[in-house]
Amino acid sequence: MPQDDNPPKPEPVPFFQRMLDNPFLLLFIGVVVPTVFYILWGIMEIATIPVAP
Amino acid sequence: MARFRVCPDAGFYFDKSAESLMKVNAVAGVVSLLVAGIMAVGVILTRWQEVHLLPADLFYQALTLHGINALIFWIIFFEIAILYFASSTLLRCRLAAPRWAWFGFLLMVIGAVMNNVAVFQGKSSVMMTSYAPMQAEPHFYLGLILFAVGALIGCFVFLGTLVLAKDDKTYEGSVPLVTFGALTACIIAVFTIASGAIILIPTYLWSIGYINHIDAEMYRLVWWGMGHSSQQINVAAHVSIWYLLAGILFGARPMSEKVSRGAFLLYILFLQLASAHHILVDPGISSEWKVFNTSYAMYLAVLASMIHGLTVPGSMEVAQRAKGLTKGLFEWLRKAPWSNPVFSGFFFSLIIFGFIGGITGVVMGTEQINLIIHNTIYVPAHFHATVAVGTTLAFMALTYLLIPVLFRRELFLPQIAKLQPYVFSAGMTLMILFMLGAGTLGVSRRHWDMDFTGAALSFEYPGTAYVMMAIAGIGGVLAIVGGAMYVIVTVGSLVLGKKLDASAGLLQSFGLSLSPGNYNVEIAEPLLMAPKLTVEEHGSAGFEAPGTFVLAMALLVCFVVYYFINWDYLASVWPLS
Ligand code: HEM
Ligand SMILES: [Cu+2]
Numbered sequence: 001m002p003q004d005d006n007p008p009k010p011e012p013v014p015f016f017q018r019m020l021d022n023p024f025l026l027l028f029i030g031v032v033v034p035t036v037f038y039i040l041w042g043i044m045e046i047a048t049i050p051v052a053p
Numbered sequence: 001m002a003r004f005r006v007c008p009d010a011g012f013y014f015d016k017s018a019e020s021l022m023k024v025n026a027v028a029g030v031v032s033l034l035v036a037g038i039m040a041v042g043v044i045l046t047r048w049q050e051v052h053l054l055p056a057d058l059f060y061q062a063l064t065l066h067g068i069n070a071l072i073f074w075i076i077f078f079e080i081a082i083l084y085f086a087s088s089t090l091l092r093c094r095l096a097a098p099r100w101a102w103f104g105f106l107l108m109v110i111g112a113v114m115n116n117v118a119v120f121q122g123k124s125s126v127m128m129t130s131y132a133p134m135q136a137e138p139h140f141y142l143g144l145i146l147f148a149v150g151a152l153i154g155c156f157v158f159l160g161t162l163v164l165a166k167d168d169k170t171y172e173g174s175v176p177l178v179t180f181g182a183l184t185a186c187i188i189a190v191f192t193i194a195s196g197a198i199i200l201i202p203t204y205l206w207s208i209g210y211i212n213h214i215d216a217e218m219y220r221l222v223w224w225g226m227g228h229s230s231q232q233i234n235v236a237a238h239v240s241i242w243y244l245l246a247g248i249l250f251g252a253r254p255m256s257e258k259v260s261r262g263a264f265l266l267y268i269l270f271l272q273l274a275s276a277h278h279i280l281v282d283p284g285i286s287s288e289w290k291v292f293n294t295s296y297a298m299y300l301a302v303l304a305s306m307i308h309g310l311t312v313p314g315s316m317e318v319a320q321r322a323k324g325l326t327k328g329l330f331e332w333l334r335k336a337p338w339s340n341p342v343f344s345g346f347f348f349s350l351i352i353f354g355f356i357g358g359i360t361g362v363v364m365g366t367e368q369i370n371l372i373i374h375n376t377i378y379v380p381a382h383f384h385a386t387v388a389v390g391t392t393l394a395f396m397a398l399t400y401l402l403i404p405v406l407f408r409r410e411l412f413l414p415q416i417a418k419l420q421p422y423v424f425s426a427g428m429t430l431m432i433l434f435m436l437g438a439g440t441l442g443v444s445r446r447h448w449d450m451d452f453t454g455a456a457l458s459f460e461y462p463g464t465a466y467v468m469m470a471i472a473g474i475g476g477v478l479a480i481v482g483g484a485m486y487v488i489v490t491v492g493s494l495v496l497g498k499k500l501d502a503s504a505g506l507l508q509s510f511g512l513s514l515s516p517g518n519y520n521v522e523i524a525e526p527l528l529m530a531p532k533l534t535v536e537e538h539g540s541a542g543f544e545a546p547g548t549f550v551l552a553m554a555l556l557v558c559f560v561v562y563y564f565i566n567w568d569y570l571a572s573v574w575p576l577s
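Those protein sequence lines, which keep their order, are chains A and B. With the numbering used here as the guide, the letters of the first sequence map in order to residues 1 to 53. With the numbering used here as the guide, the letters of the second sequence map in order to residues 1 to 577.
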């Protein structure tokens, strides 16, 4: 129970909290970031190694 | 139609189907740990050169079984149980799609058995990394793929349960921090499993002759997207367990929900990129890629771990001080329940993970000083501090909590349970420290014979390296004793432990539900938001917990000194002046 004297008004939920409350948005970020920076970038590096003559 | 059981001791709401699934996953995990532990005997006694127990082929076979059963099967089975606990039990919600969850579990069991059979047959001693062009038998890869698909189903059941809980309004506000941490683990798991699929499916096709070439570097790159990230599932999971246990043991509340959640977000964003540290010495990949992924990105993930490492003991200190344990810097810690294995396991997990695992991890992740220890026994030393103590011991501590609550049995041989975290941590720490030392002297990992008997290119290690490996061997044996104590207590409790509920019979220990009368709650009381903490509003938490602050400074000093020593050592092994 809140300790305030007057009944609390429902606070607006901050943007950051709304983002953290959305599991699928987080899932999207958590998969895209490493896919781009680690996997895709890495594969590009390997794919552009010239073939030995 | 009632479905929940309220635990009379802990007040947890157990959904009937989630409860059975947690039990079977936890049991399957312990069985895997047992196999891994038996294999550890062969591994450690072979690396102890004076004993040199196994011949080369058996050594590599044992090492493969040890690595896969410990790192993959034990931990992931247990993690699935944690995901169901963190969603269904903590949110007081029925589990989404229990049939799918059972199907996933079945796939995981079939996969784990198939993979083990392949390795036991002897032609798949490729170690857990199974680097191409080394080839295992097809069912080795197929087993891993089935296991991964099963685990992925578990992740989606978890996500589905979050959706259900939100729709049914079983909780107020945001999900609890522990559930949020479990979500982080689940997200990392999805990326992990996707990477695994991208690489293991072609490798499987290659092993049955469908594809004729797997590029070795491509394999390493994508495999480590799985291999490293799966360790980060563990970190997210065991950090969540730390928060859970601090809450249950001390009534501790996170010092700042905002900061802790932000730290989990940093994990989601950056932790997986650190996979690149495994590729640090590979040719063909640019320094830009290596530096971006292992420095800028990794340090942000390390920052997150330091935040958790600070706020978990910090919250515990605040809670203890509020109970009047305010003398000096450390009365709150001295008077903690040291004889309760739930606490000692949790706390050793935290300290050894932070001090040994964390510091060595940052040192190894630094491109230049990585060169000193790359592929030495230093590497297994580091990850035994992280996964074998950090994760495994946290899960062990949680088991001691869950045996009465989930399985409704009293702990079997509580005196042994009380000592277990001490024996396991002491043995592990001894093994880890001396393997770190031996690694710094260049002793290789995954190497059967330090003597290089009959090898064309040989090398003579200094006598200290042999001594260090011998002491590591003694530590390892002690750790195995500690592991055995855990298995004896858990299996003993499930089979022989005093029943806390008349219907908690043998089959109930291995998955069946208790008598129907227990499940007498149809709709759980919604989980209410906790009242606001004053600490959070002032943002002065650092000084509410001076003891923790001192511990953090000690960690920083250790780190700086050790980091400097390594650079100094690099300069001496590679004189540039
Ligand atoms: C119970 C006591 C344990 C002992 C004595 C032990 C000992 C060892 C040793 C000496 C090695 C290195 C061998 C080498 O590279 O030549 C090793 C490797 C390994 N251990 Fe353990 N370990 C134990 C428990 C665990 C646990 C609990 C885990 C994970 C949760 C674990 C995971 C691994 C992994 C993944 C490897 C690497 C395998 C490879 O290189 O392919 N170990 N262990
Ligand atoms: Cu890694």
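Some hints could be false.
[What the hints assert, rightly or not] In silico contact screen, one side only, chain A against chain B (beta carbon under 7 Å); selected entries:
| no. | residue |
| --- | --- |
| 1 | 20 |
| 2 | 21 |
| 3 | 23 |
| 4 | 25 |
| 5 | 27 |
| 6 | 33 |
| 7 | 34 |
| 8 | 40 |
| 9 | 41 |
In short, the hints are calculated from the structure, not lab data. Cβ coordinates follow ideal geometry from the N, Cα and C atoms, glycine included.
A quick look at each hint next to the structure:
For residue 20 (chain A), the interface hint holds, since its Cβ comes within 7 Å of a Cβ in chain B; the closest pair sits about 5 Å apart. With a least beta-carbon distance of about 5 Å to chain B, the hint placing residue 21 (chain A) at the interface is held under the 7 Å criterion. Restraint check, residue 23 (chain A) versus chain B: the minimum CB separation of about 5 Å is within 7 Å; hint holds. The closest approach between the C-beta of residue 25 (chain A) and any C-beta of chain B is roughly 10 Å, which is over the 7 Å cut-off, so the hint fails.
Given hint, residue 27 (chain A) at the interface with chain B, holds; its Cβ is 5 Å from that chain's nearest Cβ, closer than 7 Å. For residue 33 (chain A), the shortest C-beta to C-beta distance to chain B is roughly 6 Å, which falls under 7 Å, so the interface hint holds. With its C-beta approaching chain B no nearer than about 4 Å, residue 34 (chain A) sits inside the 7 Å limit, and its interface hint holds. With its C-beta approaching chain B no nearer than about 11 Å, residue 40 (chain A) sits outside the 7 Å limit, and its interface hint is violated.
Here the hint on residue 41 (chain A) is kept, as its CB sits about 6 Å from the closest CB of chain B, short of 7 Å.
In this structure, the earlier hints numbered 4, 8 are contradicted, and the remaining ones agree with it.
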